[in-house]
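**Student:** Residue numbers (our numbering), protein chains in the order written: chain A, 1 to 111; chain B, 1 to 112.
Fair warning: there could be bad hints in the mix.
[What the hints assert, rightly or not] Chain A regions said to be covered by chain B (calculated; three or more residues, Cβ under 8 Å):
(1) 36 to 47
(2) 69 to 81
[To be verified] With a Cα cut of at most 30 Å, we get these calculated DSS-like pairs of lysine-lysine:
(3) A:K70 x B:K57
(4) B:K68 x A:K11
(5) B:K5 x B:K99
(6) B:K57 x A:K11
(7) B:K5 x B:K58
(8) A:K11 x B:K107
(9) A:K57 x B:K107
(10) B:K99 x B:K15
(11) A:K57 x B:K5
(12) B:K57 x B:K15
(13) A:K57 x B:K71
(14) B:K111 x B:K57
(15) A:K57 x B:K99
(16) A:K57 x B:K42
(17) B:K68 x A:K57
(18) B:K68 x B:K99
(19) B:K68 x B:K57
(20) A:K70 x B:K5
(21) B:K58 x B:K71
[To be verified] Short, incomplete list of chain B residues facing chain A, as computed with Cβ under 10 Å:
(22) V4
(23) S7
(24) A24
Keep in mind the hints are simulated off the structure, nothing from the lab.
Model, not experiment: these values are computed from the prediction.
In this text, a Cβ means the ideal position worked out from N, Cα and C, and glycines have one as well.
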Amino acid sequence: DAGITQSPRYKITETGRQVTLMCHQTWSHSYMFWYRQDLGHGLRLIYYSAAADITDKGEVPDGYVVSRSKTENFPLTLESATRSQTSVYFCASSPVGYEQYFGPGTRLTVT
Amino acid sequence: QQQVKQSPQSLIVQKGGIPIINCAYENTAFDYFPWYQQFPGKGPALLIAIRPDVSEKKEGRFTISFNKSAKQFSLHIMDSQPGDSATYFCAASSYNFNKFYFGSGTKLNVKP
Numbered sequence: 001d002a003g004i005t006q007s008p009r010y011k012i013t014e015t016g017r018q019v020t021l022m023c024h025q026t027w028s029h030s031y032m033f034w035y036r037q038d039l040g041h042g043l044r045l046i047y048y049s050a051a052a053d054i055t056d057k058g059e060v061p062d063g064y065v066v067s068r069s070k071t072e073n074f075p076l077t078l079e080s081a082t083r084s085q086t087s088v089y090f091c092a093s094s095p096v097g098y099e100q101y102f103g104p105g106t107r108l109t110v111t
Numbered sequence: 001q002q003q004v005k006q007s008p009q010s011l012i013v014q015k016g017g018i019p020i021i022n023c024a025y026e027n028t029a030f031d032y033f034p035w036y037q038q039f040p041g042k043g044p045a046l047l048i049a050i051r052p053d054v055s056e057k058k059e060g061r062f063t064i065s066f067n068k069s070a071k072q073f074s075l076h077i078m079d080s081q082p083g084d085s086a087t088y089f090c091a092a093s094s095y096n097f098n099k100f101y102f103g104s105g106t107k108l109n110v111k112p
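Bound-form chain A, shown alone (with noise of 0.2 Å):
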């Protein structure tokens, strides 16, 4: 089916491990992107991609890793993951960047 996924749904993983979540798109979106939503806060960029191979920082970059070698695919890394980067994740997609779609979510708990 056409439309953006996530994986996993749900993550639980340690202090200082490294864990990738990953995003999926069908539509060929030239624009990707990740964001953080915690409450209070509402959702805050963490990084985007105009293109494959383009990738620059929003809000919130510190400690998280991106890569975007397929257009479909913008997987985001957390190096060493840490308590503050418990949240729930969300991944976007747009063809001209400002309409974002967004997947469902990955809710990721660091113990």
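Model the placement of chain B on the given structure of chain A, informed by the hints.
**Tutor:** Frame of chain A; chain B shown alone:
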């Protein structure tokens, strides 16, 4: 510093009422203002958006009012229904700049 300030944090209305959610921004470079609706356990979904060249936009029961001089915009939901119960987020961005700033969200409860 929060780029977009949203209020109220929560809102309860009776069915048929008109909830109003307000947002304010400071950066005059912003020129795209969307509203998103989010149900529990789901990702946000684009509801309606406005650009500053118009003062109002309607789509179905949802209306955005925009006041450029005051740097404020608001969402009105006409004839609200229990199915409208969700969290609503405003956002702001530059049209040719892809960084979005979201408000902190308003949890709306429409009572039957």
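**Student:** Determine for every hint whether it applies to the structure shown.
**Tutor:** Structure-based check of each hint:
1. 36 to 47: That given contact holds, which follows from 6 residues of the region 36 to 47 of chain A lying within Cβ reach (below 8 Å) of chain B.
2. 69 to 81: violated (count 0)
3. A:K70 x B:K57: Distance of about 37 Å is beyond 30 Å: violated.
4. B:K68 x A:K11: Answer violated: K68 of chain B to K11 of chain A is near 43 Å, above 30 Å.
5. B:K5 x B:K99: 16 Å, holds
6. B:K57 x A:K11: Roughly 40 Å between the alpha carbons, so the hint for K57 of chain B and K11 of chain A is violated.
7. B:K5 x B:K58: 22 Å, holds
8. A:K11 x B:K107: 26 Å, holds
9. A:K57 x B:K107: The hint holds at about 29 Å.
10. B:K99 x B:K15: 36 Å, violated
11. A:K57 x B:K5: Holds - the C-alpha atoms of K5 of chain B and K57 of chain A are around 22 Å apart, at most 30 Å.
12. B:K57 x B:K15: Distance ~23 Å between K57 of chain B and K15 of chain B Cα, so the pair holds.
13. A:K57 x B:K71: Within the cut-off at roughly 26 Å; holds.
14. B:K111 x B:K57: Holds - the C-alpha atoms of K57 of chain B and K111 of chain B are around 26 Å apart, at most 30 Å.
15. A:K57 x B:K99: Distance ~9 Å between K57 of chain A and K99 of chain B Cα, so the pair holds.
16. A:K57 x B:K42: The hint holds at about 25 Å.
17. B:K68 x A:K57: 28 Å, holds
18. B:K68 x B:K99: 20 Å, holds
19. B:K68 x B:K57: 14 Å, holds
20. A:K70 x B:K5: 36 Å, violated
21. B:K58 x B:K71: 19 Å, holds
22. V4: At about 8 Å, which falls below the 10 Å cut-off, the nearest Cβ of chain A leaves the hint on V4 of chain B intact, so it holds.
23. S7: Constraint on S7 of chain B not satisfied, violated at 12 Å.
24. A24: 14 Å, violated
Of the hints listed earlier, those the structure fails to meet are numbers 2, 3, 4, 6, 10, 20, 23, 24, in rising order.
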